[in-house]
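Q: In case you want the letters, here they are:
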Amino acid sequence: NAGVTQTPKFRVLKTGQSMTLLCAQDMNHEYMYWYRQDPGMGLRLIHYSVGEGTTAKGEVPDGYNVSRLKKQNFLLGLESAAPSQTSVYFCASSYSIQRRKSNQPQHFGDGTRLSIL
Amino acid sequence: GQQLNQSPQSMFIQEGEDVSMNCTSSSIFNTWLWYKQDPGEGPVLLIALYKAGELTSNGRLTAQFGITRKDSFLNISASIPSDVGIYFCAGQLPAGYNNNNDMRFGAGTRLTVKP
Chain A
108 NAGVTQTPKF RVLKTGQSMT LLCAQDMNHE YMYWYRQDPG MGLRLIHYSV GEGTTAKGEV
168 PDGYNVSRLK KQNFLLGLES AAPSQTSVYF CASSYSIQRR KSNQPQHFGD GTRLSIL
Chain B
856 GQQLNQSPQS MFIQEGEDVS MNCTSSSIFN TWLWYKQDPG EGPVLLIALY KAGELTSNGR
916 LTAQFGITRK DSFLNISASI PSDVGIYFCA GQLPAGYNNN NDMRFGAGTR LTVKP
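Which chain is which? The protein sequence lines are A and B, in order.
Counting along the first sequence from 1, when you hit position 104 you're at 211 in the numbering used here, and nothing is skipped either side.
Counting along the second sequence from 1, when you hit position 63 you're at 918 in the numbering used here, and nothing is skipped either side.
Derived by calculation from the structure, the hints in this document are not laboratory data.
Just so we're clear, the structure is a prediction, and the values are computed from it rather than from any experiment.
You may find that some hints are simply not true.
To be verified - Here are some, though not all, of the chain B residues that point toward chain A, as calculated from beta-carbon distances under 7 Å:
(1) N885
(2) T886
(3) G897
(4) P898
(5) L900
(6) A903
(7) Q947
(8) N956
(9) F960
(10) A962
What the hints assert, rightly or not - Mimicking DSBU-like on lysine-lysine, the simulated pairs with C-alpha atoms at most 35 Å apart in a straight line are:
(11) B/K925 to A/K178
(12) A/K178 to B/K906
(13) A/K164 to B/K906
Heads up, the beta-carbon is just placed ideally off N, CA and C, and yes, glycines get one too.
Model the full structure from these sequences, guided by the hints.
A: See below:
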């Protein structure tokens with residue numbers, strides 16, 4: 108059982124370049140999330156999705172876009188990378204609140220370490 | 856408003872010692888979770904707490920959901936070298952708040968265990 112898989116694991120970009128981070132989960136989870144983790148800070152939510160075809164902004168959405176065309180995949184895009192976006196990015200997924208009638212723990216991938224030069 | 860204050864920021868202990876860390880907030884949370892993160896990996900769920908006052912154990916780990924729903928603590932007994940890592944608390948807002956299963960994270964406690 109792979110759980111949550113993120114690709115790539117590492118990437119170095121130049122300022123202004125674009126790229127897409129891929130997250131795939133095989134747990135049939137309805138909800139998916141993208142976070143960034145910076146030194147000395149907890150994880151901060153960038154965007155999330157509560158179902159196929161739906162996305163919403165989190166705490167720090169600026170400079171990022173997302174898409175959820177398939178239930179199992181959640182893509183995070185950087186249209187024009189900036190040095191401030193150097194970070195470790197984590198994807199997570201969970202069952203829906205409606206399905207289980209309560210909050211559900213989120214399960215995380217191993218992260219993508221992104222450096223913007 | 857919904858920030859979590861996690862303490863201590865770091866701990867250096869001797870193998871065999873007990874460890875205690877906690878999270879507090881000015882906001883009420885419906886669920887408290889504790890995660891551990893090893894270098895180069897994502898956070899892994901250790902314990903989830905769903906009811907105020909709940910005390911739950913997972914091996915040498917014990918966590919409690921505060922009665923006020925604004926705090927939680929995690930204890931690790933008889934620490935071993937593999938306990939090294941960063942421990943994060945996370946609080947989930949009530950399910951009816953915005954229905955996205957939203958979580959807020961503490962900044963983490965970095966644990967070092969000396970053999």
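Q: Would the hint on B/Q947 stand, with a C-beta cut-off of 7 Å toward chain A?
A: For B/Q947, the interface hint holds, since the closest Cβ of chain A sits about 4 Å away, which is under 7 Å.
Q: Hey, does the B/A903 contact hint survive, CB to chain A under 7 Å?
A: For B/A903, the interface hint holds, since the closest Cβ of chain A sits about 5 Å away, which is under 7 Å.
Q: Identify whether the interface hint at B/A962 stands, where standing means a beta carbon of chain A within less than 7 Å of its own.
A: 5 Å, holds
Q: Can B/G897 be said to touch chain A, with a Cβ gap under 7 Å?
A: With Cβ-Cβ at 4 Å, under 7 Å, it holds.
Q: Does B/P898 pass the interface check with chain A, least Cβ-Cβ distance below 7 Å?
A: With Cβ-Cβ at 5 Å, under 7 Å, it holds.
Q: Measure nothing beyond the straight line between the CA atoms of A/K164 and B/K906; if it is 35 Å or shorter, mark the hint as holding.
A: Distance ~29 Å between A/K164 and B/K906 Cα, so the pair holds.
Q: Starting from B/K925, check that the Cα of A/K178 is at most 35 Å away, please.
A: Distance of about 34 Å is within 35 Å: holds.
Q: Report holds or violated for the interface hint on B/L900, using the least CB-CB distance to chain A and a cut-off of 7 Å.
A: 5 Å, holds
Q: Have a go at the B/N956 hint: is there a Cβ in chain A nearer than 7 Å to its own Cβ?
A: 5 Å, holds
Q: Between A/K178 and B/K906, does the CA-CA distance stay at or below 35 Å?
A: 31 Å, holds
Q: Taking the least C-beta to C-beta distance, is B/T886 closer than 7 Å to chain A?
A: 4 Å, holds
Q: For the hint on B/N885, just tell me whether its beta-carbon gets within less than 7 Å of chain A.
A: The hint holds - B/N885 has a Cβ within 7 Å of chain A, the shortest such distance being about 6 Å.
Violated hints for the displayed structure: none, as all numbered hints are satisfied.
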